[in-house]
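Colleague: Chain by chain, the residues:
Protein chains: 2
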Amino acid sequence: MSDRLVLDYNNMLSPRLGGRGIDPARLEALADRFAQAHAEVARRRDAGEIGFFQLPYQSEVREQVGNFANGLGQAFGTAVVLGIGGSALGAVALREALVKPHWNELDDDARDYFPRLYVLDNVDPSTLGPFLDRIDLGQALFNVISKSGSTAETMSQFLVVRDRLGRTFDDDGYRRHLVFTTDPEKGVLRRIARDEQIATLPIPPNVGGRFSVLSAVGLLPAALIGIDIDALLAGARDMDERCSSTQLRENPAGLFAVLQYLADTEQRAPMHVMMSYSDRLHGVADWFRQLWAESLGKEKNRAGETVNVGPTPLKAMGATDQHSQVQLYMEGPYDKTITFLTVDQRGEDLEVPKAYEDMPELAYLGGHTMGELLSAERQATARALAHRGRMNMTLRLPRVDAGGIGQLLMMLQIATVYAGELYGVDPLDQPGVELGKQLTYGLMGRPGYQAEAGEAPDPHWMSE
Amino acid sequence: MSDRLVLDYNNMLSPRLGGRGIDPARLEALADRFAQAHAEVARRRDAGEIGFFQLPYQSEVREQVGNFANGLGQAFGTAVVLGIGGSALGAVALREALVKPHWNELDDDARDYFPRLYVLDNVDPSTLGPFLDRIDLGQALFNVISKSGSTAETMSQFLVVRDRLGRTFDDDGYRRHLVFTTDPEKGVLRRIARDEQIATLPIPPNVGGRFSVLSAVGLLPAALIGIDIDALLAGARDMDERCSSTQLRENPAGLFAVLQYLADTEQRAPMHVMMSYSDRLHGVADWFRQLWAESLGKEKNRAGETVNVGPTPLKAMGATDQHSQVQLYMEGPYDKTITFLTVDQRGEDLEVPKAYEDMPELAYLGGHTMGELLSAERQATARALAHRGRMNMTLRLPRVDAGGIGQLLMMLQIATVYAGELYGVDPLDQPGVELGKQLTYGLMGRPGYQAEAGEAPDPHWMSE
Chain W
23 MSDRLVLDYN
33 NMLSPRLGGR
43 GIDPARLEAL
53 ADRFAQAHAE
63 VARRRDAGEI
73 GFFQLPYQSE
83 VREQVGNFAN
93 GLGQAFGTAV
103 VLGIGGSALG
113 AVALREALVK
123 PHWNELDDDA
133 RDYFPRLYVL
143 DNVDPSTLGP
153 FLDRIDLGQA
163 LFNVISKSGS
173 TAETMSQFLV
183 VRDRLGRTFD
193 DDGYRRHLVF
203 TTDPEKGVLR
213 RIARDEQIAT
223 LPIPPNVGGR
233 FSVLSAVGLL
243 PAALIGIDID
253 ALLAGARDMD
263 ERCSSTQLRE
273 NPAGLFAVLQ
283 YLADTEQRAP
293 MHVMMSYSDR
303 LHGVADWFRQ
313 LWAESLGKEK
323 NRAGETVNVG
333 PTPLKAMGAT
343 DQHSQVQLYM
353 EGPYDKTITF
363 LTVDQRGEDL
373 EVPKAYEDMP
383 ELAYLGGHTM
393 GELLSAERQA
403 TARALAHRGR
413 MNMTLRLPRV
423 DAGGIGQLLM
433 MLQIATVYAG
443 ELYGVDPLDQ
453 PGVELGKQLT
463 YGLMGRPGYQ
473 AEAGEAPDPH
483 WMSE
Chain P
23 MSDRLVLDYN
33 NMLSPRLGGR
43 GIDPARLEAL
53 ADRFAQAHAE
63 VARRRDAGEI
73 GFFQLPYQSE
83 VREQVGNFAN
93 GLGQAFGTAV
103 VLGIGGSALG
113 AVALREALVK
123 PHWNELDDDA
133 RDYFPRLYVL
143 DNVDPSTLGP
153 FLDRIDLGQA
163 LFNVISKSGS
173 TAETMSQFLV
183 VRDRLGRTFD
193 DDGYRRHLVF
203 TTDPEKGVLR
213 RIARDEQIAT
223 LPIPPNVGGR
233 FSVLSAVGLL
243 PAALIGIDID
253 ALLAGARDMD
263 ERCSSTQLRE
273 NPAGLFAVLQ
283 YLADTEQRAP
293 MHVMMSYSDR
303 LHGVADWFRQ
313 LWAESLGKEK
323 NRAGETVNVG
333 PTPLKAMGAT
343 DQHSQVQLYM
353 EGPYDKTITF
363 LTVDQRGEDL
373 EVPKAYEDMP
383 ELAYLGGHTM
393 GELLSAERQA
403 TARALAHRGR
413 MNMTLRLPRV
423 DAGGIGQLLM
433 MLQIATVYAG
443 ELYGVDPLDQ
453 PGVELGKQLT
463 YGLMGRPGYQ
473 AEAGEAPDPH
483 WMSE
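Residue numbers (the numbering used here), protein chains in the order written: chain W, 23 to 486; chain P, 23 to 486.
Treat the hints with caution; some may be incorrect.
Among chain P residues calculated to face chain W with C-beta under 10 Å, some are [as the list claims (entries may be wrong)]:
| # | residue |
| --- | --- |
| 1 | A47 |
| 2 | L49 |
| 3 | R232 |
Each computed BS3-like pair below joins lysine-lysine, with the alpha-carbon atoms no more than 27 Å apart [what the hints assert, rightly or not]:
| # | chain 1 | residue 1 | chain 2 | residue 2 |
| --- | --- | --- | --- | --- |
| 4 | P | K376 | W | K459 |
| 5 | W | K337 | P | K337 |
| 6 | W | K208 | P | K376 |
Across the chosen pairs, the derived CB separations fall in these ranges [said to hold, decoys possible]:
| # | chain 1 | residue 1 | chain 2 | residue 2 | range |
| --- | --- | --- | --- | --- | --- |
| 7 | P | E327 | W | S267 | 41 to 49 Å |
| 8 | W | G188 | P | N126 | 25 to 33 Å |
| 9 | W | S172 | P | A47 | 39 to 47 Å |
| 10 | P | E82 | W | S172 | 56 to 64 Å |
| 11 | W | G446 | P | D131 | 55 to 63 Å |
| 12 | W | P227 | P | E456 | 52 to 60 Å |
| 13 | W | N323 | P | M381 | 32 to 40 Å |
| 14 | W | A51 | P | N330 | 26 to 34 Å |
| 15 | W | P382 | P | S267 | 44 to 52 Å |
| 16 | W | K376 | P | G160 | 24 to 32 Å |
These aren't lab readings, by the way, just hints derived from the structure by calculation.
Cβ coordinates follow ideal geometry from the N, Cα and C atoms, glycine included.
Can you build the whole structure from these sequences, using the hints too?
Modeller: Here's what the structure looks like:
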C-alpha cells in the first residue's frame with residue numbers, strides 16, 4: 023500500500039545529535055531482543071491472551087455496529103457516551119480526527135444530519151447537571167460503556183440518566199435511548215440489559231479498555247457520526263501486516279518501542295512527549311497517554327521482582343506549545359523524547375494574504391498558507407531540538423483519514439505490547455489502581471470496605 | 023479574610039510516606055534560603071523588573087478594560103482572541119473556571135447575552151478556515167494579543183482576519199471589529215493601531231506573556247464574558263499580601279516552590295503533575311504548565327554556567343485520569359509529585375438516585391451526590407498514593423469563584439519566581455525558543471534568515 027505511515031527517526035540517533043542520543047549500534051544490538059519480544063507477543067496473541075490484534079478482522083461485530091448505527095442510531099440528534107478511560111478516549115480521538123472540527127457546535131446541515139457526539143468522561147456535577155438539563159432527552163442516545171459494568175463513575179452517570187429517562191418515557195420508551203457496550207456474559211450491565219431488554223454490543227474478554235478502540239467501544243460512536251469504520255479497520259490490518267516483520271528496521275511499531283525503551287533506560291529520558299502538529303491528531307496523543315502509561319508503569323516485572331518502571335507520556339500541541347513547553351524541551355534536562363505527529367497532505371488550506379509589505383515582521387508571511395507555516399514551524403522545531411542534542415522523531419501520516427488513523431492507532435498499540443516485553447512487564451494489567459478503588463468504596467460507605475490506607479497520624483502541615 | 027486557599031502538604035513529607043518523600047527537617051533547613059529568595063524577588067519587584075506583582079493594583083487599566091467591555095464590547099455576540107501561549111492560556115483558564123460549562127454551546131439567553139469567547143491559539147487551517155467561515159463577521163470582535171506584535175502565528179491570523187474584515191466592511195466599519203492588546207509603545211501592532219486608529223490596550227513592558235493573565239491580556243476577554251474582574255484582582259491582592267511573609271510556613275507560594283524544588287533536586291522527582299478534581303480548574307492546570315516550564319527550564323543559571331535544569335509540569339484530570347495515569351503514578355518510578363486541585367464548596371450538585379438496590383456494585387452509589395463521589399475519589403487517590411510512598415499535596419479552593427481564582431493564579435505566579443531563585447535561573451526570559459524562530463523565518467523565506475541549523479548530512483533512518 024502506498025499511503026503508508028512513516029516513522030522518521032534520524033533525530034533520535036547520535037549522528038544528528040552531536041554525539042548525544044542513541045548510538046545506531048545500540049539500535050542494531052537490540053535487533054535480537056526485538057525478535058524475541060516479537061515472538062513472545064505472537065505467542066500470547068496466538069494463545070488468545072492479547073485480543074486487540076483480532077479486532078480489525080472481526081466482521082461480525084463490525085456488522086452489528088453498522089446495523090445499529092444505520093438503523094436505530096439514525097433516529098437521534100445527540101449521541102452521548104457514558105464512559106471513562108479506555109471507554110472514552112478512543113471515541114474522542116476518532117471524533118477529533120475524522121469529522122469536521124467543532125463538530126458539536128455545527129448545525130444539522132453542516133453535520134450532514136449525523137448526531138452530535140458527547141463523551142462524558144467525568145463526574146463533576148457542575149458540568150454534568152447543566153449538560154443533562156440542556157439536551158433534548160427525546161433526541162438523545164446514551165451509549166453506556168464499561169467492560170466490568172461496575173465502574174463507579176460510569177455507573178453513577180448511568181443511574182442519573184436511567185432515572186431521567188424513566189421519568190420522561192414510559193416503560194417501553196426509555197429502552198430505545200440506551201445501548202450498552204460491555205462484557206458478552208458477565209457483569210451488572212449485562213444483567214440489566216437481559217432483565218430490561220436493552221440493546222448491547224460486546225467487548226471481548228481478552229480486550230482491555232485501553233486496547234479497545236477498534237472494538238465496539240470505539241466503533242459504535244464512530245459509526246454513529248458517519249466515520250468510515252471499514253477504512254479504519256483496513257488501515258489497522260495493513261499495519262498489522264507490516265508489523266508481522268521480525269526485522270526491526272522494517273517494523274515501525276518495533277522501531278518506536280525500541281527507540282523509546284533505549285531512550286528511557288540508556289539515555290535517562292523517561293518522558294515521552296507526543297506533540298501533534300495537527301489539531302485533529304491531538305485526541306490521538308491523549309489516547310496514547312493512557313495506553314503507554316497504564317501498560318508500562320508497573321511495580322513488578324513478570325518474574326515478580328520489584329522494578330518500579332515505566333516511562334511517562336506527555337501530550338503537546340504544535341505550534342501552540344512552542345509558546346509554552348519548547349523552552350523547557352530545548353534547554354532543560356536531557357530527559358525527554360519528542361515524537362511529532364504530522365500530516366503530509368492537509369487537504370483544505372488557508373492563504374495568508376499579502377499586506378503591510380513595508381513591515382518586514384509581517385511581509386514574509388503574505389502569500390504563504392497556514393499549512394506551510396505550521397509545517398515550517400514543525401521542521402524548525404525538530405531541527406532546533408536536534409541541533410541542541412535533543413532526541414526527537416516524526417510520525418508522518420499521508421492524510422488524516424480513516425485509513426491513516428487505523429494505521430496509527432494499531433501501530434501504537436502494537437508498539438505498546440512490544441515495549442511491555444522489553445521492560446519485562448505485563449502490558450495488559452493495572453494492579454496499581456486497586457487500592458484507590460477500595461478506598462473510594464470505603465469512603466462511599468460500600469459494605470465491607472475500609473476508607474483508610476492505614477497511615478499513621480501525624481502533624482498537621484497546612485498553609486493556613 | 024476567611025475564604026482562603028489552603029495548601030495541605032502532609033503527603034509530601036516522610037512521616038506520611040513510610041520514610042520516602044521529604045524529611046520535614048529539610049524543609050526547615052530551607053527556611054533561610056527561602057528568605058533570601060523572597061528578598062531577591064522583592065528587590066527585583068521594587069526595581070521594576072518583575073511587573074506582574076503590580077497588576078492587581080493598576081486601577082487605570084482595569085477601568086479601560088471595563089469601559090471597553092461595557093461599551094463597544096456589548097455590541098458583539100462572538101469575541102475571538104487571536105493569540106498563542108501566554109496570550110491565550112489565561113483567557114481559557116478564566117473562561118473554563120468562571121462562566122458556565124460549555125459556554126460557547128449555550129444560547130444567548132443561557133449566556134445572559136454575553137458573547138461566546140473563542141481563543142484561537144493555533145494556525146491549523148483545517149480548524150481555522152471552517153471557524154472563520156462559520157461565524158457571523160458582523161457580530162464578531164477580534165482581540166489580537168501579542169506583546170511584540172510580531173508573533174508569527176498570531177500575525178498570520180490577523181492578516182487573514184484583517185483581509186476578511188476589509189472585504190466585508192467599508193473603510194471605517196472594519197475598525198470596530200478589532201481591538202489590539204500589545205506593548206504601549208513598540209511593535210508592529212502598535213504602529214498599525216496608530217496608522218489605522220484601532221482600539222488598543224497595553225501590556226506593560228515589564229510583564230512577560232506567561233505572567234500577563236491579570237493585565238489587559240486576560241482581563242479584557244474575561245470582562246467581555248461577564249467575569250467579575252474586580253473580585254479576581256482582589257483575590258490576587260489578598261494572595262500578594264499573604265506572600266509578603268518571609269516565614270516559609272506562612273507563605274503558601276513559598277511552600278509550594280520549596281516543596282517542588284526539594285522534590286526535584288533531592289528526591290529525583292522532576293515531574294510535577296497538577297491534577298484537577300474540578301472540570302473548571304483544568305484550564306488553570308494548562309496555564310500553569312506554561313508558567314512552570316518556560317520559567318524554570320533553562321540551560322544557564324544567572325551566573326552564566328550551563329546547568330540544564332527545570333522540572334516538567336504535567337496536567338491531569340480527576341477522576342478521569344485515575345483510569346489513565348494513576349496506575350503509573352502508583353507503581354512507576356518515584357519520579358513525580360502530584361498536586362491536587364480541589365474545591366470545598368462545589369455549589370450545584372447532582373444526586374445519584376437509589377436504584378438496583380439488589381446489586382451491590384450499584385447499590386452503594388445511590389443516595390450520594392456526584393460531588394461526594396468526586397471528593398471520595400480524590401481522597402482515596404491521595405491516600406493510596408501516600409500509602410505507596412508517593413509525594414502529593416492538595417491545593418484547596420473554598421469555591422470556584424473570581425476571588426478564589428485570583429488567589430490561585432497569583433499564588434502560582436509568585437511561587438514561580440521564588441522557584442526561579444531556588445534554581446538560580448532567571449524565571450523571566452526564554453532564550454531557548456530563539457533558534458526555532460530563526461529557522462522558521464528561514465523556511466518561510468524571510469530575508470536575512472537561514473533555514474538550516476547546520477547539522478551534518480547523515481544516513482536516512484526511516485521506517486519505510
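Colleague: Given the hinted pair K208(W) and K376(P), is their Cα-Cα distance within 27 Å?
Modeller: Judged against 27 Å, a Cα distance of about 22 Å means the pair holds.
Colleague: For the pair supplied as a hint, K376(P) and K459(W), is the alpha-carbon distance within the 27 Å limit?
Modeller: holds, 21 Å
Colleague: Are the Cα atoms of K337(W) and K337(P) separated by 27 Å or less?
Modeller: Satisfied, since the Cα-Cα distance of roughly 9 Å is no more than 27 Å.
Colleague: Would you say the C-beta atoms of G446(W) and D131(P) sit inside 55 to 63 Å of each other?
Modeller: Once the Cβ atoms are compared, 59 Å apart, the range 55 to 63 Å for D131(P) and G446(W) holds.
Colleague: Does the Cβ-Cβ separation between P227(W) and E456(P) fall within 52 to 60 Å?
Modeller: For P227(W) and E456(P) the Cβ distance comes to about 54 Å; the hint holds.
Colleague: Taking 32 to 40 Å as the stated bounds, is the beta-carbon spacing between N323(W) and M381(P) within them?
Modeller: holds, 37 Å
Colleague: Has the hinted range 39 to 47 Å been met by the Cβ atoms of S172(W) and A47(P)?
Modeller: At roughly 44 Å between Cβ atoms, A47(P) and S172(W) fall inside 39 to 47 Å, so the hint holds.
Colleague: Can we keep the R232(P) interface hint, with Cβ of chain W closer than 10 Å?
Modeller: Since chain W brings a Cβ to about 8 Å from R232(P), closer than 10 Å, the hint holds.
Colleague: For the range 25 to 33 Å, tell me whether the beta carbons of G188(W) and N126(P) fit it or not.
Modeller: holds, 32 Å
Colleague: Can the suggested window of 56 to 64 Å be confirmed for the beta-carbon pair E82(P) and S172(W)?
Modeller: holds, 58 Å
Colleague: Could you see if the CB distance from E327(P) to S267(W) stays within 41 to 49 Å?
Modeller: holds, 48 Å
Colleague: Is it true that A51(W) and N330(P) lie within 26 to 34 Å of each other by Cβ?
Modeller: holds, 28 Å
The structure does not agree with numbered hint 1 stated previously, though it agrees with all others.
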